[in-house]
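Chemist: Here the protein sequences come in this chain order: A and B.
Numbers in the numbering used here are just positions in the first sequence, counted from 1, shifted up by 848.
Numbers in the numbering used here are just positions in the second sequence, counted from 1, shifted up by 47.
Since the hints were derived computationally from the structure, they do not count as laboratory data.
The structure presented is a predicted model; accordingly, all values stated were derived computationally and were not measured.
Far from chain A, some chain B residues (derived; all Cβ distances over 12 Å):
1) Glu86
2) Phe90
3) Thr91
4) Glu123
5) Val124
6) Thr132
7) Thr133
To spell it out: a stretch of chain A is covered by chain B in this simulated footprint if at least three of its residues, at any positions, have a beta carbon under 8 Å from a beta carbon of chain B; those stretches are:
8) 907-919
9) 977-991
A virtual CB, placed ideally from N, CA and C, is assigned to each residue, including glycine.
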Amino acid sequence: MSEAVTALNGARYEGIATIAEAPLGGMVTLRGDLSGADLGAAVQEAAGVAVPGRRGVVAEGPRTALWMAPDELLLLMPYAEAPETAAGINAALAGRFALAVDVSDARARFHVSGPRAREVLAKLSPVDFAAGVFAPGEVRRTRAAQAAAAVWMSGEEEFSLICFRSVARYVFDLLSMAAAPGGEVGAFD
Amino acid sequence: MLLLTCPNCGVTAEESEFHQGGEAHLRRAGPGSPDDAFEGYLFTRRNPHGVHFERWRHVFGCGKWFHAARCTATLEVFGTYPAQTTEPPADIVAAIRAKRPDWEGFR
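For reference, chain A alone in the conformation it holds in the complex:
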């Protein structure tokens, strides 16, 4: 078994906000009829979280469910649990029009934290990140410059951003440049 590593080996940048690549995490993408009771039960049983509502985030300790599309969820869990979570959901939904796949190694996740985290993200995405508009409990799929990304608040002043692993370096460089010292805009002060 090869040793699993993150895309950028835990890259970190300190500027007007802190950009840090998250440690290895498990990710399972699930597509199916999200309104079905059997799917909700399967997710609760295998992943330990409830199915979120439209654009919602449900977090239970290290486990998080993100609403990605009307028929798609992204489930986060400790890295080692991802294969069995996907297998558990597939077994529970056998014969249904649903599929869970372990995509842990296909994505990269960054934490953007600090008082100016909103500003850094607002430079890159066509999204209103003002406090009171973008709040915990909502996930927003959008673009970070030219790359697709999903952003949600994973803490008081901490945002999480998930992108494809193939564009991890691009997104990290983008975030770092947007967080360079002297780049304060003050849009949300």
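Got chain A sorted already, so can you dock chain B onto it with the hints?
Modeler: Then chain B, alone, in the frame of chain A:
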């Protein structure tokens, strides 16, 4: 710059988060149809100066298709609605009529 609301995920975002997919409500000329009907289905498109119906995809968001009614002259958006329709729904038609009383109607 257009501001569109995706009816699938409810997000209102600017045009750069979407991708345009051409004219909406095309009806396919199937097997057995005359050649000119099939050619029309493939190539003939409206190019109105005014009210227009288009397909859009929320490409950087939920990835789903939807339809939008807008004015090509003013970029005004009358509304967006699900792609699983064969003609504009009544509320969209009413919204267009309210703002464009002389609109000739859909088809």
